[in-house]
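Asker: If you want the building blocks of each chain, they are given just below.
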Amino acid sequence: MNILYLLDLIGTAAFAASGAWVGVRKHMDLFGVLVLGVVTAVGGGTLRDLLLGDIPPFSLQDETYISIALAASLVVFANRRRFETFEKPLLYFDAIGLGTFLVIGTTKALEFQMGLLGAVLMGVMTGTAGGVLRDVLANQIPLILRREIYASACIAGGVLLVVLEQSGAGRTASALLAAGTVITVRLLAIRYEWGLPKS
Amino acid sequence: MNILYLLDLIGTAAFAASGAWVGVRKHMDLFGVLVLGVVTAVGGGTLRDLLLGDIPPFSLQDETYISIALAASLVVFANRRRFETFEKPLLYFDAIGLGTFLVIGTTKALEFQMGLLGAVLMGVMTGTAGGVLRDVLANQIPLILRREIYASACIAGGVLLVVLEQSGAGRTASALLAAGTVITVRLLAIRYEWGLPKS
Amino acid sequence: MNILYLLDLIGTAAFAASGAWVGVRKHMDLFGVLVLGVVTAVGGGTLRDLLLGDIPPFSLQDETYISIALAASLVVFANRRRFETFEKPLLYFDAIGLGTFLVIGTTKALEFQMGLLGAVLMGVMTGTAGGVLRDVLANQIPLILRREIYASACIAGGVLLVVLEQSGAGRTASALLAAGTVITVRLLAIRYEWGLPKS
Numbered sequence: 011m012n013i014l015y016l017l018d019l020i021g022t023a024a025f026a027a028s029g030a031w032v033g034v035r036k037h038m039d040l041f042g043v044l045v046l047g048v049v050t051a052v053g054g055g056t057l058r059d060l061l062l063g064d065i066p067p068f069s070l071q072d073e074t075y076i077s078i079a080l081a082a083s084l085v086v087f088a089n090r091r092r093f094e095t096f097e098k099p100l101l102y103f104d105a106i107g108l109g110t111f112l113v114i115g116t117t118k119a120l121e122f123q124m125g126l127l128g129a130v131l132m133g134v135m136t137g138t139a140g141g142v143l144r145d146v147l148a149n150q151i152p153l154i155l156r157r158e159i160y161a162s163a164c165i166a167g168g169v170l171l172v173v174l175e176q177s178g179a180g181r182t183a184s185a186l187l188a189a190g191t192v193i194t195v196r197l198l199a200i201r202y203e204w205g206l207p208k209s
Numbered sequence: 011m012n013i014l015y016l017l018d019l020i021g022t023a024a025f026a027a028s029g030a031w032v033g034v035r036k037h038m039d040l041f042g043v044l045v046l047g048v049v050t051a052v053g054g055g056t057l058r059d060l061l062l063g064d065i066p067p068f069s070l071q072d073e074t075y076i077s078i079a080l081a082a083s084l085v086v087f088a089n090r091r092r093f094e095t096f097e098k099p100l101l102y103f104d105a106i107g108l109g110t111f112l113v114i115g116t117t118k119a120l121e122f123q124m125g126l127l128g129a130v131l132m133g134v135m136t137g138t139a140g141g142v143l144r145d146v147l148a149n150q151i152p153l154i155l156r157r158e159i160y161a162s163a164c165i166a167g168g169v170l171l172v173v174l175e176q177s178g179a180g181r182t183a184s185a186l187l188a189a190g191t192v193i194t195v196r197l198l199a200i201r202y203e204w205g206l207p208k209s
Numbered sequence: 011m012n013i014l015y016l017l018d019l020i021g022t023a024a025f026a027a028s029g030a031w032v033g034v035r036k037h038m039d040l041f042g043v044l045v046l047g048v049v050t051a052v053g054g055g056t057l058r059d060l061l062l063g064d065i066p067p068f069s070l071q072d073e074t075y076i077s078i079a080l081a082a083s084l085v086v087f088a089n090r091r092r093f094e095t096f097e098k099p100l101l102y103f104d105a106i107g108l109g110t111f112l113v114i115g116t117t118k119a120l121e122f123q124m125g126l127l128g129a130v131l132m133g134v135m136t137g138t139a140g141g142v143l144r145d146v147l148a149n150q151i152p153l154i155l156r157r158e159i160y161a162s163a164c165i166a167g168g169v170l171l172v173v174l175e176q177s178g179a180g181r182t183a184s185a186l187l188a189a190g191t192v193i194t195v196r197l198l199a200i201r202y203e204w205g206l207p208k209s
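Chain order of the listed sequences is G, X and R.
When we follow this note's numbering, the leftmost residue of the first sequence carries the number 11, and every step to the right adds one.
When we follow this note's numbering, the leftmost residue of the second sequence carries the number 11, and every step to the right adds one.
When we follow this note's numbering, the leftmost residue of the third sequence carries the number 11, and every step to the right adds one.
Treat the hints with care, since some could be wrong.
Given that identical chains are not distinguished, each listed pair holds provided it fits within a single copy or across any two copies.
Claimed, not checked - Only pairs whose alpha carbons sit at most 20 Å apart, straight line, appear in this in silico SDA-like list of lysine to any residue: (1) K118 x P67; (2) K36 x G205; (3) K208 x R90; (4) K118 x G190; (5) K36 x Y15; (6) K98 x R201; (7) K208 x A88; (8) K36 x V85; (9) K208 x R92; (10) K36 x Q176; (11) K36 x P207; (12) K98 x T194; (13) K118 x F68; (14) K208 x L84; (15) K36 x S209; (16) K208 x A81; (17) K36 x N89.
What the hints contain is simulated information worked out from the structure, not anything from laboratory work.
It should be emphasised that the depicted structure is a prediction, and the values quoted were computed from it without experimental measurement.
Only chain G is shown next, with the shape it has when bound in the complex (with noise of 0.2 Å):
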């Protein structure tokens, strides 16, 4: 499980750099933008949490969550004038948080005995969740639900993990599976600019 922990607290930061990023674009002061880091990094596991029933949720748990949130707001917020250069690594970190938050909102959801559209929902939610409070708090419409292949490199994993682990797969091998698939459509999506059908 320490592997799966460390990828968790690398996808906390990346995701909340991604926060800090939109609100020093937004001109936030230094407030601001530590809002926004911490609430797109802890916002969908949160948000999770809250509907399952497992209160205090994990971010008041363990603190480890909030503070990694926050300094990599701080660093973000310490280098906003040099960040274009970080932009483009940070989009593989943070296709690996998304593949693990997804892997970990879906597992909890099934131990909390939620029905396979709920659990792959709750996954989907973890992933995605967060980024869209962090675009509610910046006035804009959420990234996620205008463009790019985000929330369905999400769906996609998640049906596979509910899948993999109701034909009885081991846990260890469904859930590395799930999160590489994931991260691996998230990335092709990005190289490739691939694209839902819009209204």
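Assemble the complex: chain G is given as a structure, and chains X and R must be docked to it using the hints.
Answerer: For chains X and R alone, coordinates are given in the frame of chain G:
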């Protein structure tokens, strides 16, 4: 209770369609349209359950709701070029949903020992919070905060329901009268363009 | 404790008035103005209670809060043409509310076994999340994410309170000192137009 469940599902589909339609008009992709449909349909009741402490909320306990919301949103997305023809009839189903949601929410809050003010609030929230979340995600000021007798129809029905229950009227009769009031006021408001005093 | 309850109600009325005023300026109807008033007044504490697991939240357990928030919002709506004369004095009552909410939130989080970081966060959230929700509903970037020493006054008071409680100072003295710090910093910030570094 079966008739109430049926009306609840009709309302869920109508609310989902209205949410999906906002997504289409905001040029969201398929995922965004589905999210707006589901959030509009189950957002109010889910928030109510979080506040009452009935966790996991109804939307995760009975996956019929989210399944129907997804199906209705898909239908809207697939017919998005000729949706205008559906807009008018949809208002009637939406009014049915509003009355049903109000009755379900108020009754549930009374069962959870809320006070009378709290019960009316929970009923109104069940009927309106999904639409508020929809508008927040679509980055517009929630429609019901600005105009239309929508929440007011809910409040009228909620107060009536609480008064009837307090005065010992039968549960079924009270529910029917309250839902009928909401639906009637709502449809009259559309017909005669009623509005509250504005700032 | 009675003085704390009184200050809490004063803060509730002041927060509701500020929320209702935003609703008026955004040309909302009466219902919208009431919603913004109530959400601003009880939103922060309600979110805190959901996260701590104290459900139903304070705002549904003691209906005094919502009643006062509704009354204050009605007063603002009725006097909306000459509200400018109230704006300046309202800032003082708002500062009292900020200090009181911070102390109540931080203390409650400590009682619920939160860590020190979590306790300060819950205190700051109690004081500020209502205003954030208000601005999200009014479709504007939350003011406290962009400027003004508002959250910072809260953080200073929260850290002071946690340090005092840890070092064994009396609960009443700690609460008074922390609330006084928030109020003083907030009023000085208004007077001298202090701000945090911006992006």
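Asker: The structure should be examined with respect to each hint, and the outcome stated for every one.
Answerer: Evaluation of the provided hints:
1. For the homomeric pair K118 and P67, the shortest alpha-carbon distances inside one copy (12 Å) and between copies (16 Å) are both at most 20 Å.
2. Taking CA atoms no more than 20 Å apart as the test, K36 paired with G205 passes between copies only; the shortest distance there is 16 Å, against 26 Å inside one copy.
3. Taking identical chains as interchangeable, the C-alpha atoms of K208 and R90 lie at most 20 Å apart only when they sit on different chains, with a minimum of 11 Å there against 33 Å within one chain.
4. In this assembly of identical chains, the alpha carbons of K118 and G190 lie at most 20 Å apart only when taken from the same copy (18 Å versus 42 Å across copies).
5. When the C-alpha separation of K36 and Y15 is checked against a cutoff of 20 Å, the pair qualifies neither within a copy, at 32 Å, nor between copies, at 38 Å.
6. Taking the shortest Cα distances, K98 and R201 sit within 20 Å of each other inside one copy (11 Å), while across copies they are farther apart (43 Å).
7. In this assembly of identical chains, the alpha carbons of K208 and A88 lie at most 20 Å apart only when taken from different copies (11 Å versus 38 Å within one copy).
8. In this assembly of identical chains, K36 and V85 lie within 20 Å of each other by CA distance solely inside one copy; the values are 17 Å within and 35 Å between copies.
9. Proximity of K208 to R92 under the C-alpha cut-off of 20 Å is restricted to the inter-copy arrangement: shortest distance 16 Å between copies versus 34 Å within a copy.
10. In this homomeric assembly, K36 and Q176 never come within 20 Å of each other (Cα to Cα): the closest approach is 45 Å inside a single copy and 38 Å across copies.
11. With identical chains, the CA atoms of K36 and P207 are at most 20 Å apart between copies only, with a shortest distance of 14 Å across copies and 29 Å within one.
12. In this homomeric assembly, K98 and T194 come within 20 Å of each other (Cα to Cα) only inside a single copy, at 16 Å, whereas the closest approach across copies is 44 Å.
13. With identical chains, the CA atoms of K118 and F68 are at most 20 Å apart both within one copy (11 Å) and between copies (19 Å).
14. When the C-alpha separation of K208 and L84 is checked against a cutoff of 20 Å, the pair qualifies only between copies, where the shortest distance is 13 Å, while the shortest distance within a copy is 36 Å.
15. With identical chains, the CA atoms of K36 and S209 are at most 20 Å apart between copies only, with a shortest distance of 8 Å across copies and 27 Å within one.
16. In this assembly of identical chains, the alpha carbons of K208 and A81 lie at most 20 Å apart only when taken from different copies (17 Å versus 37 Å within one copy).
17. With identical chains, the CA atoms of K36 and N89 are at most 20 Å apart within one copy only, with a shortest distance of 16 Å there and 35 Å across copies.
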